[in-house]
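If you read the sequences in order, they're chains A and B. Take any residue in the first sequence, count from 1 to its spot, add 99: that is its number in the numbering used here. Take any residue in the second sequence, count from 1 to its spot, add 17: that is its number in the numbering used here.
Just so you know, the hints here were simulated from the structure itself, not pulled from any lab data. Honestly, I wouldn't trust all of these hints.
Facing chain A, according to a computed beta carbon distance under 8 Å, are these residues of chain B, among others [stated by the list, open to error]:
no.: 1; residue: Leu112
no.: 2; residue: Gly147
no.: 3; residue: Thr177
no.: 4; residue: Ala206
no.: 5; residue: Gly216
no.: 6; residue: Thr219
no.: 7; residue: Met242
All C-beta atoms in this analysis are idealised placements derived from N, C-alpha and C, irrespective of residue type, glycine included.
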Amino acid sequence: MENLEKILTEHPFLSGLETRHIKLITGCASNVVFQPGEFLFREGQPADHFYIIRQGKVMIEIFVPQKGPIAIQSRGEGEVTGWSWLVPPYRWHFDARAYELTRAIALDGKCLRQKCEEDHDFGYELMKRFTTIIAQRLDATRFQLMDIYGVHSEK
Amino acid sequence: MASTLKNSKSVIANQREPMVIRPFAIKRVVNETYDTFTLDLIPAGHQDDVRFVPGQFNMVYAFGAGEVPISISGDPADSTRLVHTVRAVGGVTNLIRSMKTGDSLGIRGPFGTGWPVDQAIGGDVVIVAGGIGLAPLRPAVYYLLTNRDKYNKISLLYGTRTPDDLLYRQQLKKLRARFDLDLEITVDAAGGEWHGNVGVVTTLIGKAPFDPSHSVAMVCGPEVMMRFTVMELQKRGVADDRIFVSMERNMKCGVGLCGHCQMGPTFICKDGPVYRYDSIKDIFLKREI
Numbered sequence: 100m101e102n103l104e105k106i107l108t109e110h111p112f113l114s115g116l117e118t119r120h121i122k123l124i125t126g127c128a129s130n131v132v133f134q135p136g137e138f139l140f141r142e143g144q145p146a147d148h149f150y151i152i153r154q155g156k157v158m159i160e161i162f163v164p165q166k167g168p169i170a171i172q173s174r175g176e177g178e179v180t181g182w183s184w185l186v187p188p189y190r191w192h193f194d195a196r197a198y199e200l201t202r203a204i205a206l207d208g209k210c211l212r213q214k215c216e217e218d219h220d221f222g223y224e225l226m227k228r229f230t231t232i233i234a235q236r237l238d239a240t241r242f243q244l245m246d247i248y249g250v251h252s253e254k
Numbered sequence: 018m019a020s021t022l023k024n025s026k027s028v029i030a031n032q033r034e035p036m037v038i039r040p041f042a043i044k045r046v047v048n049e050t051y052d053t054f055t056l057d058l059i060p061a062g063h064q065d066d067v068r069f070v071p072g073q074f075n076m077v078y079a080f081g082a083g084e085v086p087i088s089i090s091g092d093p094a095d096s097t098r099l100v101h102t103v104r105a106v107g108g109v110t111n112l113i114r115s116m117k118t119g120d121s122l123g124i125r126g127p128f129g130t131g132w133p134v135d136q137a138i139g140g141d142v143v144i145v146a147g148g149i150g151l152a153p154l155r156p157a158v159y160y161l162l163t164n165r166d167k168y169n170k171i172s173l174l175y176g177t178r179t180p181d182d183l184l185y186r187q188q189l190k191k192l193r194a195r196f197d198l199d200l201e202i203t204v205d206a207a208g209g210e211w212h213g214n215v216g217v218v219t220t221l222i223g224k225a226p227f228d229p230s231h232s233v234a235m236v237c238g239p240e241v242m243m244r245f246t247v248m249e250l251q252k253r254g255v256a257d258d259r260i261f262v263s264m265e266r267n268m269k270c271g272v273g274l275c276g277h278c279q280m281g282p283t284f285i286c287k288d289g290p291v292y293r294y295d296s297i298k299d300i301f302l303k304r305e306i
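Please take these sequences and the hints and turn them into a complete structure.
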């Protein structure tokens, strides 16, 4: 647990959090390992965790009937994946699959939601960090939607 | 490193007769993607050299059809041939696409300013390419690697639409195997066979190993991509006078006379295509220009 607390304290996502808040998060954290091809989560299932990836690569995919899985974003070392645990009905909207051996810290969403309700300062700090991530992902998604490389250019 | 960075000015002899078209023969055609191909051209019936500064472009003339501005994408140290990577998107480029080895094209140029490869000596270099924007940056990559000992870290970040749209596949494989260059490739979307990065190219900037205060950034791609890239570089701490972008408009004469490529107070064919970002940032976001 002490080791997890140290890793979480040093992670950029949680940078600046008070020690007591880090302890609250550590109480909801566990080390997990995913083999290549193994799913971290699947579309429609309860979103009960988010993950801080320590090593490896994870693809966020959407399954298209008769076409198979389409990778829409990848996540690597140091990145955070999953925010559906924050938003009702707490179900995953996409699949996440390990493409390499992936080591991560899993944070229990139900446990965190409860602690956020009990300590609104903690909830606000966590929410600020997730809002930044959500905004970055929204920007990236808009950028992807523009399909800019399809624009005609005679360069 | 010089405190004030400038882009490389055009220094090429053929500017003496910029309107004279020189014939070149197609020596080799390489299909890069479904709509993009690379031509190796050699002088036909003349001994003119083909020297250029990385980042410059030529006006490529398909006889009887018209001229198009195409960036030079070859090795600046190779004085025997010109290399152009062309995307077939219009009448002229589709005609060029139909040509075979031995066919002739006319060339005027090279024109414009180049990447600040000399001014970047002593620091890190981060190259951000989007789509076919890798083509004008490839000569800079050649130059940096030929003079590798003069630079610290070199990062090449390349984003494109899908794995099928990647240019220079064989060369990218070789670059990936090098220990002295950090290459990251990402695609906007991919099927299950792709195990690389997925997402827009700007997502690579935060993770690239360069020191923002001692780096020069060279950016080329669609203008929207460059806008987002500049924002990410700024967020990372790269100063505006260390960011260089390659602009594109309707280049025609190549020497700033006709005015087709005017962008605010500058002519891209002569004052660009490579600009230091702080020199154009006031007009970079102006929609009317």
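Check: Looking at the structure, which of the earlier hints fail to hold?
Finding: 1
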